[in-house]
Amino acid sequence: MKETIFKQKHLLSIEDLSPEEIDLILEIAESFVEVSTRNIKKFPALKGKTVVNLFFESSTRTRSSFEIAAKRLSADLINFSASISSLKKGESLRDTVLTLEAMNPHIIVIRHSASGSPKYLTTFARSSIINAGDGFHEHPTQALLDALTIKQKFKTLRGLKISIIGDILHSRVARSNIILHHKMGNEISLIGPPSLVPKEFEQMGAKVYYDLKEGVKNSDIVMMLRVQEERGGGNYFPSIREYRKLFEINQETFSLAKESAILMHPGPLNRDVEIETSLADSDKSVILQQVTNGIAVRMAVLYLLKGERNEIIN
Amino acid sequence: MKETIFKQKHLLSIEDLSPEEIDLILEIAESFVEVSTRNIKKFPALKGKTVVNLFFESSTRTRSSFEIAAKRLSADLINFSASISSLKKGESLRDTVLTLEAMNPHIIVIRHSASGSPKYLTTFARSSIINAGDGFHEHPTQALLDALTIKQKFKTLRGLKISIIGDILHSRVARSNIILHHKMGNEISLIGPPSLVPKEFEQMGAKVYYDLKEGVKNSDIVMMLRVQEERGGGNYFPSIREYRKLFEINQETFSLAKESAILMHPGPLNRDVEIETSLADSDKSVILQQVTNGIAVRMAVLYLLKGERNEIIN
Amino acid sequence: MKETIFKQKHLLSIEDLSPEEIDLILEIAESFVEVSTRNIKKFPALKGKTVVNLFFESSTRTRSSFEIAAKRLSADLINFSASISSLKKGESLRDTVLTLEAMNPHIIVIRHSASGSPKYLTTFARSSIINAGDGFHEHPTQALLDALTIKQKFKTLRGLKISIIGDILHSRVARSNIILHHKMGNEISLIGPPSLVPKEFEQMGAKVYYDLKEGVKNSDIVMMLRVQEERGGGNYFPSIREYRKLFEINQETFSLAKESAILMHPGPLNRDVEIETSLADSDKSVILQQVTNGIAVRMAVLYLLKGERNEIIN
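Residue numbers (this note's numbering), protein chains in the order written: chain A, 1403 to 1716; chain B, 1403 to 1716; chain C, 1403 to 1716.
Read the hints as simulated data drawn from the structure, not as lab findings.
Fair warning: there could be bad hints in the mix.
Pairs involving identical chains hold if they fit within one copy or between any two copies, as the list cannot separate such chains.
[Unchecked claim] Derived DSS-like pairs: lysine-lysine, alpha-carbon spacing no greater than 27 Å straight-line: (1) Lys-1473 to Lys-1444; (2) Lys-1619 to Lys-1473; (3) Lys-1473 to Lys-1443; (4) Lys-1660 to Lys-1473; (5) Lys-1615 to Lys-1449; (6) Lys-1411 to Lys-1555; (7) Lys-1585 to Lys-1660; (8) Lys-1609 to Lys-1443; (9) Lys-1411 to Lys-1444; (10) Lys-1449 to Lys-1473; (11) Lys-1409 to Lys-1647; (12) Lys-1585 to Lys-1557.
Everything numeric in this text was worked out from a predicted model, so none of it was measured.
Chain A with its partners taken away, still in its complex shape (with noise of 0.2 Å):
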């Protein structure tokens, strides 16, 4: 089987998967895909399983798509939300966790504002983790609905030139990015104003730069970031007008890409801020297929997991 590929009991980061691990989760994400655009139904694979969606940061798109995805694999779902919970009460992130845990949970989904709390929560629980975003760190399910998209168009996820713009340094969709795109031989440049694209990123196999002609030039792919409004004014770049002239995508600066260039954007989309409305309307635009993989890609991400526990040997 195939499938024996697949060495994680958690997803915690794009960086501990292998290309083979990737490649595999993306085929079984397209099966999946396939199944749902026609006849929708459930799948037996987790049934009587219980997944439970652990958000710290609120999330339309991220939780509910999870949410569909568990469901569709016949699991039972338990949502979580930060302002419920006893944290309110001042218990710590660890025992809430291991209250949760206490109740036998096969998968746990956990947003957090903090980098690597995914990874701690491993060092105690038994049900696999899955890493929905964690602060400036990862957000691995996101990258991976991304490759889906983009192999979908170019039927391959090598050879191509990838193009993120935007606020890179505090984004963990752009960090997972880059590093599935540097595992996979392409080509990256990431393209934003000093403040929030720092040279050190060329350390992890990008190219760095601060125009966005130059930077989009001969791409395949145009990643657009969102852009977060409290970081202007000062403190990161002057104003939303002065980056907008700058940096946002429109049909002139992405008919610089490539003739067979596609649009992206991770969503809530800023229009005509960090993305002309035309543009993003437009058949270049994958934006909303995007979201279409998201569930595709959790269920393939929940289907390998399997949600087999450690169980405890003290």
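Assemble chains B and C onto chain A, guided by the hints.
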């Protein structure tokens, strides 16, 4: 098959339905009522389908009524609420729904304060849209569950006199009921202060009364609307006390309706404001039966819409 | 069938249960524990039944424990919380529950700050009511899961000495445990400052101690209660620091209990306030086992109540 009468892909309004479609919905709902009160079991009709509750206004009864209905049909139900959605990050309704749509749900149940928003969704969504209340416009499943309750009592939906009392102007429940009973050829009287019941409503086929006793005379159905307390105090009526004196239904005023008349209210009640407690709890009241019928009517609507998605052909 | 021992339609309190009923619940729970820790699968016992979690106080562990238990028995679970309910619109508890009832749920699990509210519901509700904590009154499933944990350790629920330490006065957990262990004929010592452990508790069959060392001596079970920090600072005890000095359980004070003694806590912990961290994490502690047993006990209770609704015959 009788079900071929039903031509709708969405349920946006009573306006859109033919009398035959209304009859069909109620007939199917009646069969669900019968089963539900005996030995409840799950129906497989929506197995593998995803229903999204997208509520931008808070709601206990409608949201959970749809949730129970969907689950009894074996659908997967995903709850969205505005407070956790990306709308807080400034995303437009269109982008929120497009994102949701990309997850391939089959049916989206939407409540929104903007009249017409469910219809707007149909211009770009591929799933079936159900209006669970839009601004001052319509609340079609409420009118349908009211109609089912009326039909259970009178064995017919024709040739009846219905009086609706209260804030007609701002009530989507009233509007949907007026349209439904006008379609069915029933006599409609609308009762309340002139500020809340403008004469213009007569163009909808109703008769307007500013005197409770006069309007309620000879009614088969007396339907009270909830007083929105924030409308009192000089805006639409002088005070709650004043309002109550003129428009509260009580044993005395209710006795002017027919001997066999029933008392309805969409809930939640303001006891001893628009409705006298002893009357609300009497055997004239069918208020709780309305709630029970809500499940059956929503099951019928979900069942008829089937959740077949339009596939894109472009 | 042994199950005919169980005479309850509701689970309102430990007070209502006979020792035989308690034994039966634990016996069934034990069989669920066994299955749950091996190869978890769904049980069809509550298939097609609707369980409502109606929580008027926030809670992570109890709410989700009931949710997981219900789902493992194949029930449909609907979460209600006070914040989204019509109570905000001024509806009474009675009207809220009557509305909910009209949706024909089979079991309502209620947590409410008013002592006696679950019992009040039984006066007009047709579904089975489970008390998930009512004011300072009872929290019967907590006492049952504690009892299961004790029985797993000592192979019996009789002839033991249990010490309960902390704010007995305001603790429904303590009350339910006192009643349960008094029924079972166990020796009970209650320990804390006089302001939190009035002498009157001796009428419940317990012995009151104001000295931790004296009370804890020779115990089989040491059960700590959570310090409610808002009670410190002059109201019930001078300060957290003072409280800790006198009533924290630590390696030293715990050593006065029997060699085989176990340490319990309903969670969430105030580490190094009422309980020393090294002790909480030692192999004397069964705190996480309590959480695990919560699922099994709630499954047993849901299973025994069966969710048969009284049908109205009027």
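We went through each hint and held it up to the structure:
Taking the shortest alpha-carbon separations for Lys-1473 and Lys-1444, both the intra-copy value of 8 Å and the inter-copy value of 14 Å come in at or below 27 Å. In this assembly of identical chains, Lys-1619 and Lys-1473 lie within 27 Å of each other by CA distance neither inside one copy nor across copies; the values are 42 Å within and 51 Å between. For the homomeric pair Lys-1473 and Lys-1443, the shortest alpha-carbon distances inside one copy (10 Å) and between copies (15 Å) are both at most 27 Å. With identical chains, the CA atoms of Lys-1660 and Lys-1473 are never at most 27 Å apart, being 39 Å at best within one copy and 48 Å at best between copies.
Taking CA atoms no more than 27 Å apart as the test, Lys-1615 paired with Lys-1449 passes in neither setting, with 50 Å inside one copy and 50 Å between copies. Taking the shortest alpha-carbon separations for Lys-1411 and Lys-1555, neither the intra-copy value of 30 Å nor the inter-copy value of 32 Å comes in at or below 27 Å. Taking the closest pair of Cα atoms, Lys-1585 and Lys-1660 come within 27 Å of each other only inside a single copy of the chain (23 Å); across copies the shortest separation is 59 Å, beyond that limit. For the homomeric pair Lys-1609 and Lys-1443, neither the shortest alpha-carbon distance inside one copy (44 Å) nor that between copies (51 Å) is at most 27 Å.
Within a single copy, Lys-1411 and Lys-1444 get their C-alpha atoms as close as 24 Å, and across copies as close as 23 Å, so both meet the 27 Å cut-off. Taking the closest pair of Cα atoms, Lys-1449 and Lys-1473 come within 27 Å of each other both inside a single copy (9 Å) and across two copies (11 Å). Taking identical chains as interchangeable, the C-alpha atoms of Lys-1409 and Lys-1647 are never at most 27 Å apart, the minima being 46 Å within one chain and 50 Å between chains. Taking CA atoms no more than 27 Å apart as the test, Lys-1585 paired with Lys-1557 passes inside one copy only; the shortest distance there is 17 Å, against 56 Å between copies.
Hints 2, 4, 5, 6, 8, 11 from the earlier list are contradicted by this structure; the remaining hints agree with it.
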